[in-house]
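Protein sequences, first through last, are from chains A, B and C.
Residue 167 in our numbering is what sits at position 19 of the first sequence, and the numbering runs on without skipping anything.
Residue 272 in our numbering is what sits at position 250 of the second sequence, and the numbering runs on without skipping anything.
Residue 124 in our numbering is what sits at position 66 of the third sequence, and the numbering runs on without skipping anything.
Some hints could be false.
Pairwise CB distance ranges, derived in the manner of DEER restraints [stated by the list, open to error]:
1. B:Tyr-587 with C:Gln-104: 16 to 26 Å
2. B:Leu-94 with A:Pro-166: 25 to 35 Å
3. C:Glu-134 with B:Leu-491: 33 to 43 Å
4. B:Lys-205 with A:Val-188: 32 to 42 Å
5. C:Asp-237 with B:Val-153: 53 to 63 Å
6. B:Ala-133 with A:Leu-177: 14 to 24 Å
Below, a list of computed lysine-lysine pairs in the PhoX-like style, where the Cα atoms sit at most 25 Å apart [as the list claims (entries may be wrong)]:
7. B:Lys-205 with C:Lys-71
8. C:Lys-129 with C:Lys-168
9. B:Lys-202 with C:Lys-71
What the hints contain is simulated information worked out from the structure, not anything from laboratory work.
Note that beta-carbon positions come from the ideal geometry of N, C-alpha and C, so glycine has one too.
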Amino acid sequence: MAEQPKTDSPAAPLERIPFMQRVLDNPFLLLFAGVVVPAVIYILWGVMEISQIPLVK
Amino acid sequence: MTTAVAETGMIGALATKFRICPATGLRVDLAAERLIKANAVAAVVFLAIGGGFGLLVALTRWPAVHLLSSDLFYLALTAHGLDVLLMWIIFFEMAVLYFASAVILSSRIAAPRWGWVGFVLMIVGALMTNVAVLQGDSSVMFTSYVPMQARPHFYLGLILFAVGALIGCFIFLGTLVIAKEEKTYEGSIPLVTFGALTACIIAVFTIASGAIILIPTFLWSVGYIGHIDSLMYKLVWWAMGHSSQQINVSAHVAIWYLIAAVTVGAKPLSEKVSRTAFLLYILFLQLAAAHHMLVEPGLSSEWKIVNTSYMMYLAVLGSMIHGMTVPGSIEAAQRKSGFTRGVFEWLRKAPWGNPAFAGMFLSLVMFGFLGGISGVVLGTEQLNIMMHNTLYVPGHFHATVVAGTTLAFMAVTYLVVPLIFQREIVWPKLAKIQPYLFGIGASGISLFMMGAGTLGVARRHWDITFPALDVTLPYGYSPAASLMMGLNGLSAILAATGGVLYVAIVVASILFGKKVDASNAVAALGPMPKKVVHDAVAKYGDAGTWHLPGTYVLVGLFFTTFILYYFVNWKYLSELWPMQ
Amino acid sequence: MAIHPPQSRVWWKEPIAKAELVWIGVAFLWGLIMFFMMIYWHIYGQQNLSTQVGRIDPAVFEQRTNDFAEKFKVREEGDTGIPVVKPPAGGDAYMLARTYEWWPVLELEKGKSYKLHISSLDLQHGFSLQPINMNIQVHPGLEHVVTITPTEAGIYGVVCNEYCGLGHHVMTGRIYVVDSGQGG
Ligand code: HEM
Ligand SMILES: [Cu+2]
Ligand SMILES: [Cu+2]
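If we strip away everything but chain A, and leave its shape as in the complex, we get:
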C-alpha cells in the first residue's frame, strides 16, 4: 500500500480500543443491527397494523 498506517509507538502498551470503535469494526454486528431494526420497526409493526384492519359492518 502506498501509505501504511502508523501504529502508535511499539514501546508504549497498546491502548484499549474504545467500545464504539469496536462496534464499528465488527461487520457482522452491524449486519445484525441493520437487518433487525428495519425488520421490527418497519415490517413487523406494519404487518401487525395491516392484519388488524377491522371489517366494515
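Dock chains B and C with the ligands against chain A, hints included.
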C-alpha cells in the same frame, strides 16, 4: 504489459495471482479483477438499453411529440424502470463491492467461483424478466403491484437476479474476513470500504425483503397461491424497492470519498464522524420505505411518522454530515496544496477538467440540493398528499438516482477503466464534457418533472391531454404542464446524449484505449491539481484542517434553501381542502 | 486517505472540530423540528389523511355505491349515462374505482363537510383530485372514509394516478362543487 504478476505462498494450494497496481501500489487479485470487469460491463450494457427506453418514455410524455402508442409506452416504462434501476445499478454495485473489498484491502477475493455463479444468475434473471416484458403481456411497471399480474417468468427472473446479488454480498463479507485474518491491512477498514459495507448490509435486508414478497407472488402467478393482499404486498415490496435506493446512497457516498481521495488527495476530516454517519444509515435509512405508504389506507399515523422520518430524521442527519465532510475534506486538501486565496480558490482551481472529479462534485451538489431537499419534503407525512404519484416523485428520484448515483458511478468509471481495465480513456476532450452534459440533462428532467408534479400531472401516464374522443369525463391540466413536459423532453435529449457519450467512451476505451503501465499510470487518471496524488494532508482531527470557509458557505446556502422550501410547502398544503 | 485505514489506531478518541460539532447540532435540531412539525399538524393543521379504514367485500361496496347513487341522483352527466349524485350536506358520499372509471359523478356544496367513502373493485387506483392536487391511494377490499370540505365552487377532475393497466390514462371522474343552496 509490465504489470508484475506475483504468486503468494501463504494461500497454499489455491495460489492466488496478484498484480501490483502501478498508480496506487495496491495489490490486485486477478480473480477479483475479472469479476469487477464482468459486472461493470454488464452494468453499462443495461444502462444503454434502459436509458434508451427512458428517452422513448420522455419523448412520449412530451405532448407535442407523443412518440409511442399507449401499449408500447407502458411496456417501455416497465423496461426502463427495471433495466436502469435494478440492472444497471445493481450490477455496478457488485463491481463496487468487489473493488472496495478485495482491491482496496489488497486481499484475495473470497470464493471467486461463487462470484461467477452469482453473476450468471443475475444475467439469466435479468434476461428472463426483460423477455417477459418485451413479450408484451407483463407491462406491470417494475413495482408489479398485485393484484395486477405479470407472467411467471417476470417474477422468476427477478428472484434469480436477487439471489445472484445476495451471493455477491456474501462474497464481500467473506473477503472482509479473509483480509482481516491474513492481515492485508492494519487497524480498521478504510472509510470507502466501510461505506461499501453499509451498502452491503442494506442490500442484505433489501434482498431478504424481496424474497419474502416475490416468492409468494411468483407462486401466485402460477396458481399455487390464491390471494395476495395488495397492501401487505406493497409494504414488503417497498422494503425492497426503497431500501435498494439506500444501497445506492451508501455506495455513491463511498464513491464520493473515493474520488475525492484519488483526484485531490482528500482525507476524511474525522473518521469518527464519517463512520458514525454511515452507522446512522445502517440503522435507520431503510425505514424510509414508508415514503411510498404515506397516503395508503390502513396504516396508522404513528407508524407513518416514525418510519418516514427515519426515526426522527437520524438518517437525514447522516446525509447532512456527509454533505459537509465530503466538500470539507476536498477544501482541506486543496488548501494544503496551496489554493488558499479567498473563500473559493480551492473550488475554482479544483480539477474541473477531470471527468471523475467533475462528475463527483456535480453528483454531490445535485443529490443534495435537488434530490435531498425534495426527498425530505416528499417524505413528510402530510405534504405527501400534494405529491403522491404525481410526476414530482420521478422528478425527485431522477435527482437522487440519476443525477446522484448514476453520475457518481459514471465518474468513478473514469478511474476504474485505467485502474482495473488498465486502459487510458480515449477521447479525453469528450470525456471532459460528458459529466456536464449528463448532469445538466439529469437535473433538467428532475426539475421539470417536479414542476409538472406540482401542477398535478400524474406519473406513469400516457396522455395528459385527455382527448374528449377517448375520455368520457375529460379534464385539462394547466397549460404550463405541457410546457414542463416539453422542457422535460429537451432535457431528456441532453441527458441521453450524455449517456450515449458515456457508453461510447467506456466501450471504446476498453477496446481501443492505450494500455496503462507504470509509465502512464498516474496520467491515465486524468488531470489533477499540482502535487497531489501522494501528498499527505496533515492528520485529520487537526484543528488546522478546520478552517473551511468555502464549505461553510456551501452548507449555509444548502440549509437556507432547505428551510425555505420546506415551509413554503406547508403553506401550499394549508390551502388544500380541509380533510381529516 | 479514505482508501487507506485510519492513520491512528484509536481513531474514536480524536477530537471533533468545533465547526463540525456545530453543524451536527444544527442538523440534529432541524431533524427534530421537522419531526415535530408532522405531529403539530396533526393537532392544529386542517389537512390530515383520515385513518378510518375497514376491510370490505368489493361486491358489498359496489352495492352500497349503487344504492347511494340511486337515492341521491339529481341528473345525468351529459349523454354519458353516468349519474350525478348530490349527497345531503354533512352526509356520506360514495365513489368507487374500477378499470377504467371513477363512478358516480358527485355534486357537493361549498363549505359543507362530507364523509367520502372510496374503494376499488379490482386493482389499485390513485384518487387524484385536480387542480387542487390532493392524492390518495385506493386499494381493492379496503374502504377509506375521508372527510373533505370543499372550499371553492367549480368543476374538479378526478384523475387516476396509479397505473392500472393499458387504459389507465382514460380513467377519470368528476366532482362539482356548487355554492350552498344552488345546483341540483
Ligand atoms: C437518459 C436518461 C433518462 C431519462 C430521459 C429518463 C426519463 C424518465 C421518464 C420521462 C420517466 C417517466 C416518468 C413517468 O411517466 O412516470 C422515467 C421513469 C423512471 N426512471 Fe428514468 N430517465 C433516465 C434515466 C434513468 C436512470 C439512469 C434511472 C435509474 C438509475 C432511472 C430510473 C427511473 C425509474 C425507476 C422510473 C420509474 C418507472 C416507473 O414509474 O415504473 N431513469 N424516467
Ligand atoms: Cu385506475
Ligand atoms: Cu390508473
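A quick look at each hint next to the structure:
In this structure the hint that B:Tyr-587 and C:Gln-104 lie 16 to 26 Å apart at CB holds, the actual value being about 21 Å. Checking the proposed 25 to 35 Å range against B:Leu-94 and A:Pro-166 shows it is violated: the Cβ atoms sit about 59 Å from each other. Between C:Glu-134 and B:Leu-491 the C-beta distance comes to about 20 Å, which lies outside the given range of 33 to 43 Å. Range check, B:Lys-205 to A:Val-188: Cβ separation about 37 Å, and the 32 to 42 Å hint holds.
Here the CB-CB span from C:Asp-237 to B:Val-153 is close to 57 Å, well matched to the stated 53 to 63 Å. Remark: the range hint 14 to 24 Å for B:Ala-133 to A:Leu-177 is upheld by a beta-carbon distance near 22 Å. Distance restraint check for B:Lys-205 and C:Lys-71: the Cα-Cα separation of roughly 24 Å lies within the 25 Å cut-off, and the hinted pair is therefore satisfied. Taking the CA atoms of C:Lys-129 and C:Lys-168, the gap is near 21 Å; set against the 25 Å cutoff, the hint holds.
Using a Cα cut-off of 25 Å, the hinted pair B:Lys-202 and C:Lys-71 holds, with the two alpha carbons roughly 23 Å apart.
In terms of the numbered hints stated before, the structure departs from hints 2, 3, listed from lowest to highest.
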